[in-house]
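What follows is the residue order along each chain.
Protein chains: 2
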Amino acid sequence: MSTELSGTSIIGFSRGLANGSASHAVNPASGNQLEPPYHAPDDDEVARAIELADEAFPVYSALPGVRRAAFLRGIADAIEAVVDDIVARGQKETGLHEPRLRGETARTSGQLRMFAALLEEGSWVDARIERAQPDREPQPKPDIRAMRRPLGPVAVFCASNFPLAFSVAGGDTASALAAGCPVLVKAHHAHPGVAEIVGAAVVRAAQEAGMPEGVFSLLYGSGRGVGIDLVKHAVIQAVGFTGSRSGGTALMAAAASRPQPIPVYAEMSSINPVVLLPEKVDADGEAIAEGLFASLTLGCGQFCTNPGLIFLPSGHGEGFIRKLRELVESAPSGVMLSAGILQAYRDSVAAIGGTEGVELIAHCLSKQTAHRAISRVFSVKLRRFLEEPRLHHEMFGPATLIVHGSLEEIIATVPELEGQLTATVHGTEDELRRHAELVSALERRVGRLIFNGFPTGVEVCSSMVHGGPFPSTSDGRSTSVGTMAIGRFCRSVAFQGFPQDALPDELKDANPLGIHRLVDGVQVAGSQ
Amino acid sequence: MSTELSGTSIIGFSRGLANGSASHAVNPASGNQLEPPYHAPDDDEVARAIELADEAFPVYSALPGVRRAAFLRGIADAIEAVVDDIVARGQKETGLHEPRLRGETARTSGQLRMFAALLEEGSWVDARIERAQPDREPQPKPDIRAMRRPLGPVAVFCASNFPLAFSVAGGDTASALAAGCPVLVKAHHAHPGVAEIVGAAVVRAAQEAGMPEGVFSLLYGSGRGVGIDLVKHAVIQAVGFTGSRSGGTALMAAAASRPQPIPVYAEMSSINPVVLLPEKVDADGEAIAEGLFASLTLGCGQFCTNPGLIFLPSGHGEGFIRKLRELVESAPSGVMLSAGILQAYRDSVAAIGGTEGVELIAHCLSKQTAHRAISRVFSVKLRRFLEEPRLHHEMFGPATLIVHGSLEEIIATVPELEGQLTATVHGTEDELRRHAELVSALERRVGRLIFNGFPTGVEVCSSMVHGGPFPSTSDGRSTSVGTMAIGRFCRSVAFQGFPQDALPDELKDANPLGIHRLVDGVQVAGSQ
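As you go down the protein sequences, you meet chains A and B in turn.
For the first sequence, my numbering gives the first residue as 1, with consecutive numbering after it.
For the second sequence, my numbering gives the first residue as 1, with consecutive numbering after it.
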């Protein structure tokens, strides 16, 4: 491996000392410890990282967008240059296979380049210009111009289930850096080595692009220790997190109890309901089962958008059930990301399976079960589902629950569901038209509606909404995937009565950046 | 008066019963009670109003924008039709003069029409279309389209200091109704009669426009009673508030402690620092004093943007001080909005005036002081200002504090200020250029920067930012004035794989509404 692992935090452009409490990563496929030990930073190191970010903010946020874009492209290049190191270490730390790790690395560099292109195009700042009307009666109208500006240093928590795309240089980091915010990353204890490899690549890119030192730091240590310390620090102005509901709500509470509360963007739990309409499931049941099985077991079911709840109208979908059972029974068992996640999965399927009225209708028959997860399909009647809150909870892993009831009952149940990242409807186009009420009820509970598709495979693009009502995320007004994610780390600032040469380029009459703007209430196209 | 006052809440299209606890408005100029008594709703009435809003939401949010626009225009017309009633009652309840009440009524109807025009134009939904690429490798790209959708029923709290523009049909109500959210308004106890007149006008407009009954209700009662009940109710999805820091933070705590936390947009306290640069204040000191005096005493100083803190470089601004003192001394005393606000003002100026190192350098010499407020100008040295947290607090009324120090000290002090709605710089253009660091430090503390102007007189337009870092508002990412305010009550929802006829008009290929959209990452102009 070409990247030497030191087991220490990255504090700006320097490395931390190896004298804090230490922990090892563990290979989830074998249970074996991995070297080196990773050391938590001491209080001085955390303070130094925060101080550097505070100093970097005015410098970094004042850079032209194209400079920040060059930095993001530099990170993408630097990560791709160490993809072999990432794959080698990542396979040991996460149980994920090489194609997934290569694919996720490509997604990560792709996200960075997507935000670079957004900065180069420039219109994301939502520039708004209202020109003065000195002769207006009864009062003259002043000249007022507004654009988005970054919030300040951001704390980003790495996710267990995306060691790259939602970790050190993942979506939260990319969108915060794009907005103009320095980032302090809290590494995840399950994949510290991948974090270090990527963190070192970010630092190389920052130095090459001439960025201020504090634009990025990477801290090891526990979420409840270093993590909460970051969230509570006065310098930090926003938080990005992907993980458990308990972890996310703890960060929300810490942020709300600060003297100055700050926004927390926590992506937490979602069971992603799927509604199968009668004509469609009777016509295409086997194909739906194949797609659903693939979605359910992708990445061993460890995706936020995993379809964990399937509504099936009573008396329909016999072929769907038969095919799904056949696929699940013949599926291989899978290595999960960590022993802790595997245990939590086993606990949650035991709890669901032990609930009165719940039947296990299929499970994978693999004999290889040590350190491995077994896919499961449960079923329950809709009335029982409504009575039992436990059945509304996420089983993080390759398991789903089929709920049987009349279509009228299913539609009436939608408002009882918690907030979700996604909801999916399978139907004929005619069924979709006839059940507009179902779609509109689902819309009020979710961030993304899918027709005749599957919720996993979140497209990274300008129209993606990967965020839904609580508890799927802490703030359903936002997305953590796609270009809209940059808005989480910004606020608009207005400039009143400023002379042209004191205005940011985005707001000058001459529009030197050629961006799309709103001028006196009218959309004016850019020149790009 | 043509509007008969009943003293009861408005529950959808019906009136509440007059059997809850009652309180009277009081004429602040005389201390006399005003009839009729206003009754708090009972629990059943509050529950009924919330139930109606919940039922109205799917219907109201599904209406085309032009239908909601017609409703908003109807409210504007209905309010203007009762402006004489508003002025007659408002003068008694608020101590505000007729021209101010007429002007504020015009601002209120103007805001409603501004949001109507925004809906008619339609691009505010931020429509984003990414078309499918079925042949893309390694995975096909799905069709994904997103637009803003309303959050759900919103609770709006009337402000004491704007009985119209930030009350029953004020900015929060207008922006929430525009977004597609039903509104439950909590009336302010200081001007219940104006609230009833405006509330009745809203109901007439709702009925004439064929809106669902629960689109609007108006509730009397206390903020800590009915108000907190509203904020904690599961149906309510967002809160708008303009008032005190203690009131706003109480609502934030209530909203954060719900099983499902919701956003609170509270506009609270701001002292709106003004920095006078040496060359400018020496050249134009008298003119600046005149403008600042007018801003300071406008509406008896009862504006969120009142300039309560003035930084003056030591050894400069002699003429400015002389002129400001002369104007303040010859100013009339003023009637404040309520006895409570007058007492709070007297308490805060007594506290500032009694602080070691603070000097009272001017106060109005009017003999007419019963029920009336006296303008005051204090001064203090910068080092003392930095030591004493009390001097950073808002004095809500016609008082300001001049802080003397070197320009270097003043610039170094900016990061120590709390978040503010506005900051103002008076300087020559050359001084502005030389002190870019001052402007950038101020930018990080505020929502709006003003050059050679005054912070009061908040322009209602597409580029206004009336919102700043905490504690000036609870959520510095938002504004409560101008068209951007609609974004507070929305979230984006994505539609994946939907057939054309099942998509909202805003997202159809044919673009039947002719709105500006982002298509495959490219800004595409509308046809309007």
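Simulated from the structure, these hints should not be mistaken for lab results.
One or more hints might be untrue.
Remember, identical chains collapse to one label, so a pair may be satisfied in a single copy or spanning two.
In silico SDA-like cross-links for lysine to any residue, where the CA-CA straight-line distance does not exceed 20 Å [claimed, not checked]:
no., residue 1, residue 2
1, K232, T249
2, K232, S257
3, K367, S23
Checked hints:
no. : hint         : result
1   : K232 to T249 : both (14 Å within a copy, 18 Å between copies)
2   : K232 to S257 : both (8 Å within a copy, 18 Å between copies)
3   : K367 to S23  : neither (32 Å within a copy, 75 Å between copies)
The structure shown violates just one earlier hint, number 3.
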